[in-house]
Amino acid sequence: MMMHTRRVSEDGTALRYRMMEMAKGIKDLIALGRGDPDLDTPPHIVAAAIDAMRRGEALHMPPPEGLFELRHAIADKLRRENDLLVDPHTEVLVTTGGQEGLFLLVQALVNPGDEILMPDPRYTSYDQAINMAGGVMVSVPTYEEDGFDLRPEEVERRITPRSKLLLLISPGNPTSGVISSANKRRLAEIAQERNLLVISDEIYERFIYDDAEALSMAALPGMRERTITLNGVSKTYAMTGFRVGYLAAPAPVIAAVRQLKITNSRATSAISQWAAHAALSGPQECVEEMRQIYDERRRVMMAGLDEMGFVYCRPKGAFYCFPNAASVGISAAELCYLFLEEGHVLIFPGNAFGEKWGDHLRISLLAPKERLREAVERMQRTIAKHNLGRPRPA
Amino acid sequence: MTLRAATLNSPTAAAVAERAAAWGPLDAGSGWPRCIAHEGQLDLSADYGDTTLPEAVVKTVEDSLLRGETHYTDRPGLPALREAVARKLAADLHIHVDWRNEVVISCGEQEGVFLALQVLIRPGDEVLAPDPRPEWLDESVRLARGVLTAAPLLPKDGFELKAEQIAARLTDRSRVLVLVQPSNPTGAAISAGELGRIAALAADRNLTIIADEALDESFAGQARHTSIASLPEAAGRTIVVGSFSKFFGLASWRVGYFAGPKDAVTTIRDMKQAMTICTSAMAQYAALAMLTQVNDWLTARRNALDQAREIVLAALDALGLPHPARGGLADGRQASPYVFADVRPLRAVSALTGGSSVAFADWLRTEAEVTVAPGSRFGLGGEGFVRISLWPPLSDLEQAMRRLRWAAARAQAMGGVR
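Protein chains in written order, with my numbering: chain X, 36 to 429; chain R, 355 to 772.
One chain only, chain X, in its complex shape (with noise of 0.2 angstroms):
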């Protein structure tokens, strides 16, 4: 074959893909690999879904910036519970899962040699997106000791004459840290003062545990007009499978990315939308129902995780655990290897979203809490079958 291919990087994100491809056919797995809800859709919003295509919905092509109804909901649910006022007819653009939204934002926003600051360890899948732009990601560290937090001091000092975007996902993947509200604040005034926008990923925002907040970071004062609204209908009704996402932005971000949405897909499936239009309209006690159970869960593992000896920090969002495993030893890459193939339970290592983090494995909260239990006591058998974290032998 002797085609010309551009490389995509042999990421993190290959290498979550070739253990998911590893781990097919494996017949007692435990997935706690990929962000991907165990839990049913509610059945109210797969009932639209069916209404919806029975009443002849799927005879219209949506228009790009996606269905009137479904942004007049986006814009509802962004005032009820983030407190910002958006208006749906030019500030909300429907897309094709939250990653669209992100991928054409950075095409939009981003020219070549553009700084984007991001906070490590990261969701590599957005990597690809800001290669293609040409931008330069400039990783923000973040720490253990404060629950993967972000300081702004640390965005502050890396600051430069191409820095343009701030990229926030908190909750946040993989670390499941939560940015707190003071320095949300803080960040807000940074970048109004060094004018960075930012991009702020809120799709984890519904499952938040002990006392953290999720404040939106476009509600603060003088935020609006420099922020957007990342979030999707993915992970809080556990609908990944419709790839329903959207933005919420000013105007001339709306008008460029939905140009963009043109190009690269058209328009978001028309089903979809509808079904995205029930989750975000009707009944939410089902978010709370969820919110819980994966509450639950993070307690079945960091249980575990104390009796491993792991240290990590306490999950305050989202449905990961990010311990750090250097007790054992070995690599976490190997320690996931042995994981999968010895005890059949799928865990991504820490260097999938991030170089600097070989020692961390990220757990998804995404089985049953049985399971979850079942699946530390299988990497407790690994862990000591190979004497691992243990002086060995003589």
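Simulated from the structure, these hints should not be mistaken for laboratory data. Fair warning: this is a prediction, and the values are worked out from it, not measured in the lab. Be a bit skeptical, because a hint or two may be false.
To be verified - With a cut-off of at most 16 angstroms between alpha-carbon atoms, the simulated EDC-like pairs for lysine to aspartate or glutamate come out as follows:
| # | chain 1 | residue 1 | chain 2 | residue 2 |
| --- | --- | --- | --- | --- |
| 1 | R | Lys510 | R | Asp485 |
| 2 | X | Lys62 | X | Asp330 |
| 3 | X | Lys62 | X | Glu377 |
| 4 | X | Lys59 | R | Asp485 |
| 5 | X | Lys391 | X | Asp155 |
| 6 | R | Lys413 | X | Asp86 |
As the list claims (entries may be wrong) - Just a sample of chain R residues kept apart from chain X, beta carbon distances all over 10 angstroms, derived:
| # | residue |
| --- | --- |
| 7 | Lys442 |
| 8 | Asp446 |
| 9 | Glu465 |
| 10 | Thr503 |
| 11 | Lys516 |
| 12 | Asp624 |
| 13 | Gln647 |
| 14 | Arg656 |
| 15 | Leu667 |
| 16 | Pro678 |
| 17 | Gly709 |
| 18 | Trp717 |
| 19 | Arg756 |
| 20 | Met768 |
Said to hold, decoys possible - Just some of the chain R residues that point at chain X, by a computed CB distance under 8 angstroms:
| # | residue |
| --- | --- |
| 21 | Ser364 |
| 22 | Pro365 |
| 23 | Val415 |
| 24 | Glu423 |
| 25 | Thr424 |
| 26 | Tyr426 |
| 27 | Gln472 |
| 28 | Trp490 |
| 29 | Ala605 |
| 30 | Met629 |
| 31 | Ile631 |
| 32 | Ser634 |
| 33 | Asn657 |
For glycine and all other residues, C-beta sits at the position ideal for the given N, C-alpha and C.
Given the structure of chain X, go ahead and fit chain R onto it with the hints provided.
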């Protein structure tokens, strides 16, 4: 794009303007959604064929939803759908790909082409594409920072793309050749002989081919165009892009596919993962049912397209308007979901429109309340022509053709004065 003065000082507007300045103006689909018609308007401008879906398709999607298949699918798409696509490509077009790693389900034709371009070209590389061509292609090339070089499709050639037109435009930077067949907007296909010459040229100059065959299935009966991916000398360098939006009527579901050699396809798949992760699960089930369960419905749809074509061609012939596209079938029949008609011979109308296809479309919308797509929207080579879509209901097409004849006669009677 235009920015309101009041927003020009806002930080986001400044960033957008700066990026747009580096790119040139953003104008993808500037015609969108111009084709929105008011009640009573007959819209023959759409480039997709939505229709009421057969019950088997609706039921398949409903069942998948009730089974809880509402989560991410396999990244390249449902195995059963990839298998069905590979079977279809082999049976209909003699394209042989391994469904396991040479077929990926996309969110439609445009995503497939966009991603392939992103992977295949480096900034400054040249992409050869026909003129006229799908209106979104220019922007797709530009976003990949490529340079589009247009090879004309000429009426005298029946709008067939000629190898010599490509050869005359090759440079050291030429990297990718985009073939669109059946052609959007002209409906023409490329003969097997010409495809052989194009394939040889591609091999000689090491070009990768993106074969956009979104309009496949639109041919009458069982006859098909020849796909360049079915030629052994081109198969190893061709990415075929397909769609479920056109013949299969699933436009609002946003689902298509791309297929080709494993190394290129897996790289494009990785790019898709970065953009949309996977394609909507229910859209994939709808596509699967279309390929496996509704053969009679598809046959009826094919027959309806044939009837629609006869209605439109008869009206054009009565008015003396040429429609030179050759379909690439053995008997030279024109067979595609579009008719691309030269409207300049309507002299009284041309006196009003100056021969501009945009002015003609405006005239037709005003005088006949019929919307067609002006040919110049698809490139310089489309000037003077309009694209008439054969997807609307037959009764709409009949009425639209009556109105066209009436409006032309009226223009004639008025002596070219409105």
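*Run the structure past the numbered hints and jot down the numbers of the failing ones, going up.*
Structure breaks hints 2, 4, 9, 12, 33.
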